[in-house]
Each structure stands twice: as structure tokens, then as C-alpha cells.
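In order, the protein sequences belong to chains A and B. Quick note: the first sequence uses this note's numbering, first residue 1, plus one each step. Quick note: the second sequence uses this note's numbering, first residue 320, plus one each step.
Honestly, I wouldn't trust all of these hints.
Unchecked claim - Heads up, incomplete: computed chain A residues facing chain B, CB under 8 Å, no partners named: (1) Pro-35; (2) Asp-42; (3) Leu-45; (4) Glu-170; (5) Arg-171.
What the hints assert, rightly or not - Residues from chain A that keep clear of chain B, each with C-beta distances beyond 12 Å, as calculated: (6) Leu-20; (7) Pro-38; (8) Glu-127; (9) Gln-157; (10) Asp-181; (11) Ala-189; (12) Thr-216; (13) Glu-249; (14) Asp-294; (15) Ala-302.
In short, the hints are calculated from the structure, not lab data. Cβ atoms here follow ideal geometry from the backbone N, Cα and C, with glycine treated the same way.
Residues per chain are reported as follows:
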Amino acid sequence: MATNDNGTSDSSGQMDLDRLIGELETEAARRRAEPGFPHDADARLHFELARRAPNPPRAAAVRDVMAQIQELTATVGTSPTLESAPGRSRRHDTGALAERLHRLDGQVTSLGLAVAAALEVVAGRLEQLDDRLEHLETPTPDAPPPPAPDQPDALPQWRARLAESLPRGERVLYAQSQADDVVAELRGAGVDAYGITSTGSPHRPGPDVRFADLLTHLRAVEDHALGAAVLTGVPEVMTPATLDPLVAELARTTSCVVIISEAPWWWRRRLGAVHADLAVGRPLDPETWFHAFDGVAMAGSAEYDPGGQSYRAVIRARP
Amino acid sequence: MKLGLVVPRYGEDVVGGIEHWLRLLCEHLVSRKAWEVEVFTTCAVSAATWADVLAPGTSQLHGVTVHRRRSISGRDPRSGALDVAIRRSPSVVPDALAHRFVDLVGPVCPDVIDDAAASACDLVAVTPYLFWPAVHAVARLGRRTIFHCAAHDEPELHFPFMREVFSAAGGLAYNSYSEQALVERTFPVAHLPASVIGATVVAGAGDPESARAALGLAPGEPFVLCVGRVERAKGSHVLAELWRLYRLRRPRAPRLVLVGPVHEALHGDDDIVVVGRQPEDVKWGALQACEFAVSPSAWESFSLVVLEAWLAGTPVVVNRRCAATLEHCVRSGGGLSFFDYADFEAVADRLLADDALRDQLVSNGRAYTERVFNWTAIVDRYETLAQRVLARMVLPATVPPA
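Extracted from the complex, chain A is given alone in its bound form (with noise of 0.2 Å):
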């Protein structure tokens, strides 16, 4: 076996190391994309570690750009008296010294906006953080377990469930990735569903929606146009800058919304589960949609599966 000096050597002859770090990479990975995973404890312990870890400075780049404006400053200062070195022209001279103003001010407005977006996001995440903090309570006592790992998914019982709570004979919207096949059940069901192709092939009819272009479409959609809208999968993840006009959209046009959700909304176990999804990146809870209709004159009930792993939420105007 050979060594150096400090007798580096390759110990570990009879075990792939790096296949074993690969493994719990891929392992780690699975995790988190599993439902249930901790993401909220994951994300704070994520901060706390990186907050306790070496973080080299960076004022040197702050540094770097002061040298350089000082160089120019004094560089621009003799400019009436600039005098041309042999052999280059006076105009040469000033077109260097544009070309590198220019470039200090792209790297003072880069770094200006750089410091400006991180304050902004700090800044955001400290009124989040300071809000959820006045709401903390303890532990809902009723809170619903964990579900198990290996719960199945439960979002075709409700989809098999769909056309009960929808109205005949006016257009329904259903909102959902990929689900031009569950377009075509209601359709068969006596629906008249239909979903928004903008996203998707010309090629292959059928829904696919994103945020976006659901905010877009309902803002071309006249007022009570609309019998019920269906949102499924990828709207439910909300942030409080996006729910409140997708909500007021939602009013505007239709009488019935019908959420179904496939997150798992076990995880507010610290907070009032309102509170609690207006941080970032949440599945929502059924009561924050109850919150937000509720500033629009509607108002509905949840049913959640047995498991844990889903709900639909219907919301209906009041009378």
C-alpha cells in the first residue's frame, strides 16, 4: 500500500466509499421527496447549520470595487491635463478610461442590486417569521397523526368523486397538470369541462396548467361565466403575494370552487394552520382557502381522506 509522507494511503481498499456516499446521496434524496418528509424542521435546521459553519467575508469584492473607484477618481481628476503616451491618441486614452467606468458601474449596480434583493428577501422572510411567531400555540391536541409511509395515493377516490359536486349544463374549468384524461371523464359524465392547453402540446389536446396561466386565463373569463372551477396539484402551493388574486379571480367568476389536495396538511402542528401556510412554499391547508374565501363572500366545508394524505374542499357562494 503506498503512503506519502503523511501517510495518506488508500485505506479503504475493501469498501467503495465513494458507492456508499453515492447510495445515502440517492437515499437523502428519496427522502425528501417523500411525502411527509420534514421539509419545515428540515429547512430550520438547514439554516442553523449553515449559520454555525464557515462563512468567509466578502467585503473584499466591496473592496475591490472602492480601489477601483478611488484609481479612476483620481485617474478623471487629471483628465483636463491627461497626456497621451507615444504612440496613442488622446481619444484612445479617453475611450479606455469610458470603457472602464463602464465596467466599474456594472459591477457597482450589480452589486447594488445584489445587497437590494438580499435585503428584500430577508427582510420578507423576518415578516414571515415575526408573524408566525405571534401565532404560535401549542400543539394541536386533535391534530391528525402522521400518515404511514407507504399510504397509497389518494387523489383517485377523488377524482372518482369529481362529477357529484360539479353543475350540468355550464362550463366548468378543471385545473390540473397533464389531466386531459380527467377532462374527458367529466366530459363523459355530462361536464362541460374543459382545461387550458397554453402550456401544453399543440399536438395532445387537454389541461395543463400552471399558476400563471391560470391567473391569466381567469382574467380573460367574463364574470360568472364559469359553473365551478376545479383546482388540483400544482395551485394549491400559494404564497401570500399569489393566493389572494387567484381567490378574487375565483370570486369573480364562478359561485363553485372544489380543491382537491394531495399535500399532506398534518404538518401544522405548531400553528394555526392559516398562520401556518402563509409561509412560503406550504400546501394549504383547507381552513386557509376558508380564510381567503371568506374575504369574497363564499364559504365551504373539507373532507379529508381517512389517511391523512388528501382533501377536497368545496366553496360555494353564500346566498
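Given the coordinates of chain A, work out where chain B should sit on it, guided by the hints.
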């Protein structure tokens, strides 16, 4: 060869990685190389206060001559307030403010520097970089110093005046390649004589069942162990949170036991057992008994505990953000690492379920420890480094003596 050592505290009662390790190095240089070693230090034992508790004067300890001097000041509580301010942008802190901070952290003891400067030592080892004695000793002694900087990528390293301190040294002794890389990318010192010396450990005696009893565990109870100071900077609290979450998702997982002096309160519960500082035999017994050991700190410059765990027959899990402990694991193939909770869970699941993997990791780690960090290899490396520094002393120092 006559070697001096400037260190803020020295003695058998001193608990601290670099101080403890340098005491052992001095003793082995005396016994194995017949060097004369003189230590210039304060009367302090605790780094939390630097209070003078030992008698000043000259004494002998295991063949090493120790000169102790009283400090002018110890750790001033106001350093904490200043610490908050300077940490935001340490690289642009004015020198006067940075020196004020170093003064407040202490221990301020000019007599130690004077003694070392007036001594007949050929070379003077100085450690660690962030305390007053090292800052002033390297500047004063210049090319006579072998700088055991024990550097981490922490704010103090980026004080502007540190560039002069590091550049003034005659040579640098590192604990790890990652520390060397950090220092050489931070300061223009790559041209100076340098060597990764490392440290060594000797397995201690301990009995697993006696350790369980001392730790308040049931006979035969499996547990996971963390040894070291219990404080936030060492990662103890975040490890406790990781383990609580792990136990929430794995209710049958063993408990986590934290052994070490509690500097910042951490309360035990059903998941965590905090037992405070324990005798060496309990520590070694616990290392032998546990399922695996965790080093959650991101701020280690060497981490003796990782090597101790391997010698005790225990695999280790380290924080991937810590270059030094990760280096041990990668070089040896004896440990695994985590970056976030998902990693941690995957690694813990695997280690708790795979005896063969644990055995293989331990075998790799133990072989690496015994081969790289044995005293024969270490004192030879140190002697080579000292000769290179001596050979270079004829050249003028980059920074003139203060």
C-alpha cells in the same frame, strides 16, 4: 535543539485541543528527540476567564520547563458586545478596533512575550492564532516562530492585521490539509516552510457497562454519542434538534448522549441525555459502547475525538461543513458525513442497521489513525519542519519586529 512554546495556558488540568496536544508534543520531543523545551505561559487554566489560578514562577512538568506569569487582564465580558459588532464585516474592521477586541479577549500578558524573546531558544512555537499571546509573540519573534495557528474560517482570521501576523512567522505547523489550504488562500504564506503535523491519540481504558451506569443508561442500552464541549458553536444544540427529529420519525432509535462540559445550557429529555464532563475512563467506555459517535461541529481544526472514536472501535459521523473532520473521514474511509437532516437520517439509518459497514469504517479509521498520527511519525515531521525553519532564519523577516 532548544524549543520554546508560547501558549495562553498550559498544564495537565487544561482541557483544550491545541493546548493539550502541544503539551504532549513538547513532552515527546523531550523524550524522543532529547530536545530542551521551555514553555512561556500564564497562570490561567480556563479559557472562559483566563483567571490566574496557578502559581507564577518556573516549574518542571514531565521534563518540560514551564515559566508562568500573571496576566494584566483576562477575558473582559465587554468582548462579547464587541464581538457582535466585528463579526459582521471582520475584514474591514480598523486595526485599532481589532486589537482592542484581542485585548479584551485576552489574556494580556506581555511578560510571556518578553520571556520568550529573551530566552535562548532556537525556535519558539506559538499557538493559537486568535489570542493575545500569539498575536504579539509572532510579531515580536518573527522568523524564530513555528506558528501552530489552529485556524478556522472564523471572523478573527479575517482581521486585516492578521495578514502581518501570519506573514511574520518563520514556519507554519498545521493540523490538517484543509487548515493549510485555508491559511494559504487567506494569507501570502505559501512560500514559508510548512507541514501538516497533526496530533495523536492513545487509546484509553474504559468499560462499556461501567460507562453506561455512569451515564445513567440501562445495562446494554444502545446509544449514540457526542463528546465535546456542549455549546452552540460546537453544534451540540443543532445535533440535539436533529436527533429529536430523528427520534420523532424513528421512535425506536436509541437515545443520544452528550458527554462534555456544558458551557451553554442544553436540557435533556426522552431523546437526549446530557451528562456533563466525565472522567476519562467513562469517556472511553462510552466510546466503546455507543453505536456511533457524532461530531456536529463545523469549527474543528483537528478533532481528537474523531480519532479517539476510531481507536475505541466506533464509527463516526461528521458535519460536512467542517473541513478538518471531513478530511479525516475522506482520507481514512472511516466515517460518514451529513449536510442536512435528510443526509443525517439516511446515514443514521444505515449505520444503525449495518454492522458490517460499521466494522469496516472502524477498521479503516483505526488504521489511518495508527499509521498517520503515531508519535514516531509526528516528531519526525516536526523535526524536519524545525530544520527547514532554522535554515531559513538567515533571511530577513517580511515584517520587522514590532
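In rising order, the numbers of the hints this structure does not comply with: Structure breaks hints 1, 4, 5, 6, 7.
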